[in-house]
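Here the protein sequences come in this chain order: A and B.
In this text, residue positions in the first sequence follow the UniProt record's numbering: the first is 1, and each later residue adds one.
In this text, residue positions in the second sequence follow the UniProt record's numbering: the first is 1, and each later residue adds one.
Worth flagging that the hints you see were computed from the coordinates, not collected in a lab.
Take these hints with a grain of salt, some might be off.
Stated by the list, open to error - Here are the in silico distance ranges between beta carbons for each label pair:
no.: 1; chain 1: A; residue 1: Val-355; chain 2: B; residue 2: Ala-153; range: 58 to 64 Å
no.: 2; chain 1: A; residue 1: Val-203; chain 2: B; residue 2: Asn-60; range: 57 to 63 Å
no.: 3; chain 1: B; residue 1: Gly-220; chain 2: A; residue 2: Gly-376; range: 54 to 60 Å
no.: 4; chain 1: B; residue 1: His-165; chain 2: A; residue 2: Ile-265; range: 49 to 55 Å
no.: 5; chain 1: A; residue 1: Gly-376; chain 2: B; residue 2: His-165; range: 39 to 45 Å
no.: 6; chain 1: A; residue 1: Ala-319; chain 2: B; residue 2: His-165; range: 48 to 54 Å
no.: 7; chain 1: A; residue 1: Arg-368; chain 2: B; residue 2: His-188; range: 38 to 44 Å
no.: 8; chain 1: B; residue 1: Phe-35; chain 2: A; residue 2: Arg-368; range: 45 to 51 Å
no.: 9; chain 1: B; residue 1: Glu-152; chain 2: A; residue 2: Val-203; range: 33 to 39 Å
no.: 10; chain 1: B; residue 1: Glu-146; chain 2: A; residue 2: Gly-185; range: 49 to 55 Å
no.: 11; chain 1: B; residue 1: Ala-202; chain 2: A; residue 2: Arg-368; range: 33 to 39 Å
no.: 12; chain 1: B; residue 1: His-188; chain 2: A; residue 2: Val-355; range: 42 to 48 Å
no.: 13; chain 1: A; residue 1: Arg-368; chain 2: B; residue 2: Asn-60; range: 30 to 36 Å
no.: 14; chain 1: B; residue 1: His-231; chain 2: A; residue 2: Tyr-116; range: 34 to 40 Å
Just so we're clear, the structure is a prediction, and the values are computed from it rather than from any experiment.
Even glycine gets a Cβ: it sits at the ideal position worked out from N, Cα and C.
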Amino acid sequence: MLGTFSRSDWLLLVIFSAVVLTLPWTLEPIGAAYPDLLQKFAIYGIFAVGFNILFGLTGYLSFGHAAFLGVGSYAAVWSFKLLTMNVLPALALSIAIAGVFALLIGYISLRRAGIYFSILTLAFAQMSYNLAYSVLTPITNGETGLQVRAIRKSAEVSLRDGDVRIIDQALGIPEVGVPITNLFGMKMSGYPGFYFCAVLLIVCFFIAMCISRSNFGMMLKAIKSNQNRLNYTGIHTRPYLIAAFVISGMYAGLAGSLLSITDPIAGAERMQWTASGEVVLMTILGGAGTLVGPVLGAGLIKYAEQKVSSWNEGILHGAFSFLPEPVQDFVVEFFSFFVGEGWHLTLGLMFMIIVIFLPGGVMEGFRRLRRAFANGASPPPRPVATTTPIAERD
Amino acid sequence: MSVAETIRDDVAGERGFQSDIPDRVLHIDDVHKSFAGLHALSNVDLDVRQGETHAIIGPNGAGKSTLLNVCVGRIEPDRGAVVFDGDALTGKSPHEINQLGVARVFQTPEVFLDLSVLENVMVPALSRRDGHFKLNPFTAFSGETEIRDEAEAVIADVGLKNRIHMTASSLSRGDKRRLELAMGLIQHPKLLLLDEPTAGMARHDTNATIDLLRKIKERGMTKVIIEHDMHVVFSLADRISVLAGGRIIAQGSPEEIKNNPKVKEAYLGEEQV
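Here chain B stands alone, though its shape is the one from the complex:
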């Protein structure tokens, strides 16, 4: 039995959680995280199933981004475990987590500002193909035609075809978000974590992003989305978890969440539901 399985089953056994959910890809188990006495995350349990789009919603300061940071190794939890596809992510470095098949799209665009749009997308593709380190000082970057073709297709998918040779620093914030999305998509991750992927986009671009994410879903990619825009959440999510004050207060289908009184009280507000 692997360490991850041991952690998972021990914790599940102690706390009476289901450890046999079919097709479970991501299992967040009793995660705690405090910052200077402030409980950012408390007893957080979450399961994400293969191929689903799982939205995490909650008011500002609910702990959504902290939870994503715990998943990608940016923040070490005080307690609890994150298990992805049988591997414990807790304690792993961000590059190891990415190599296991978890990619992240950041809330604030994190791109390579000095590189072109094409180079920005080719770098993650090389990482996927060559692993975390490959000493190849005599392999020409310009000779990577297969990777370049694939990158061009993904860049066209996110609508940046006309800006392919521009440096990332010259893109607008919305375009940087698209570029980030392309950087995540080119890796064909098993799990894509999206932190407010449509923030800073105009409505028609938001709708286009929704279409794109739906299309990805058809390819079977599992996604976790943090989003404030309820239009995006209810357009994409198969299941929704609601975080408030660092705790999961509700989980279920979009319909169940819409009708959940706790959610109405904590987040959505009567008039929106």
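Isolated chain A (complex conformation):
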């Protein structure tokens, strides 16, 4: 596979890696260079890249991917509670369980296509969300959320009040105070946590790139283009769709696991339909079907969520202080609807503008800009392609 990567593929990978790894410096001017937000950029970037394997390549729109995010989160916290605070088993467990869960949901949901598939996935995710709050409380700890605790001193203490961490105890790893997730002793909060997520984002991006350029990826694109024709071409499309769904679910499980790794608590709200809708927005906003677009979309939405929601009238007054006072008051009053708790309004407007004027997302905007610059430099060549009459080929 690597041997067949073109120069532009390698260049894309190198630039993507460089941009991701230097985010702590490049995002400094816009006030986004703090670990918590950087971690979210990387984690939701992974979620969106995985979602794009299903939606971007096959055109199947899942409205239930948050279920896998939630399952990944719970699996990771259970790994911390039962096995070790080391993040590697948590990652493996989350990906595996999310994969099995995706196989079950995908097997049933992919019996239908179009809106029926979307509704089925939404129904499954909402069922998971409600189960997490009700009958599965012993596993999810209901509304409180699942958290790590200190290792229990006696067998009488319930698992809810104390963890076991079999591997850590067997290895005699000392535990002082609140248990902290780690990678062989290196704590996974702050910048080390971001770099861990960033490296995984680059690995996930690379895998998505391989899938997109592979025979498997070509079949997924053919499904999106004309699934009926593909059936008459001898391809059984359902296994391809199930495979894409499971891979996509595993990406979501990994993202969920990283949420728990950087902040070891798992709550059912991660499975709610709004979380499923968010990843759809991220992918469409950035550019469905493109490699970089979903990551960009995830970054934009998480930035808006963290920054725009923290803005208030004081900040707006500061920003518009150059205006005369009566005008300033009006402008601040107007824009105050779009900041703070009204940040969803900003997100909604941003989404509408993109979908109406740039249906291919931000990436289409970049493509148009590139074309505009190229056309400005030299006039476009006239199309010269003509059909060769069949008789002439001999």
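Given chain A, put chain B in place with the hints provided.
Same frame as chain A, but now just chain B:
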């Protein structure tokens, strides 16, 4: 004895048909299909022999496309059986039928509009080589040089060499027909079903397609062609079946069909014969 053979022999025995036609590739046996009370196909029996080009003609609404749809699994017959090379096709899904060696060229071009001409032809070639499913997320599509070379040759054969990297959506209807033909040919099917392969083509392109299909015949590929253009039918067909009102009213060589009074009455018209 296979299920297909049992069906074939039972039905043949009951209805007194020949079950021992040599080199028979496709056997359509007493197929019925109704749509809301309308008999689209009634008692249809048809045999296609190895290597022959068998044309099915008939006026509009005669049931030609329905018959092809039954053959490729798009429509389930109400009664009867379709047997291909010893395998019963009835009840099989389209991808299973294709994997047995039956390819179809559609009346309305069915191509992958978002993919390039080259990709459109490489996908069926991969299906032929890898079967109905192969999980290969790390096998680079661009590294399939053998398949690409073969696809390029077939694309050149149908006259789309200059458009090889264009997306299929930007092709004219006639070019999409050529592309469809290429998608069928690259699979080297044992049986190629062509539903009006020259519809929408200019006369010189139609003649070129006839030449191409003749060339394929030399390679021994069996073909069933549905066609309205009698020039194409009489240029290519070894045998012709005439469908009218969902029934086969005549079968035979082109000469026999030309001189058949039932056909004259039902379809061709006195002045054309």
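Here's how the hints hold up against the structure:
{"no.": "1", "hint": "A:Val-355 x B:Ala-153: 58 to 64 Å", "in the structure": "violated (43 Å)"}
{"no.": "2", "hint": "A:Val-203 x B:Asn-60: 57 to 63 Å", "in the structure": "holds (59 Å)"}
{"no.": "3", "hint": "B:Gly-220 x A:Gly-376: 54 to 60 Å", "in the structure": "holds (57 Å)"}
{"no.": "4", "hint": "B:His-165 x A:Ile-265: 49 to 55 Å", "in the structure": "holds (52 Å)"}
{"no.": "5", "hint": "A:Gly-376 x B:His-165: 39 to 45 Å", "in the structure": "violated (25 Å)"}
{"no.": "6", "hint": "A:Ala-319 x B:His-165: 48 to 54 Å", "in the structure": "holds (49 Å)"}
{"no.": "7", "hint": "A:Arg-368 x B:His-188: 38 to 44 Å", "in the structure": "holds (43 Å)"}
{"no.": "8", "hint": "B:Phe-35 x A:Arg-368: 45 to 51 Å", "in the structure": "holds (48 Å)"}
{"no.": "9", "hint": "B:Glu-152 x A:Val-203: 33 to 39 Å", "in the structure": "holds (35 Å)"}
{"no.": "10", "hint": "B:Glu-146 x A:Gly-185: 49 to 55 Å", "in the structure": "holds (51 Å)"}
{"no.": "11", "hint": "B:Ala-202 x A:Arg-368: 33 to 39 Å", "in the structure": "holds (37 Å)"}
{"no.": "12", "hint": "B:His-188 x A:Val-355: 42 to 48 Å", "in the structure": "holds (45 Å)"}
{"no.": "13", "hint": "A:Arg-368 x B:Asn-60: 30 to 36 Å", "in the structure": "violated (46 Å)"}
{"no.": "14", "hint": "B:His-231 x A:Tyr-116: 34 to 40 Å", "in the structure": "violated (46 Å)"}
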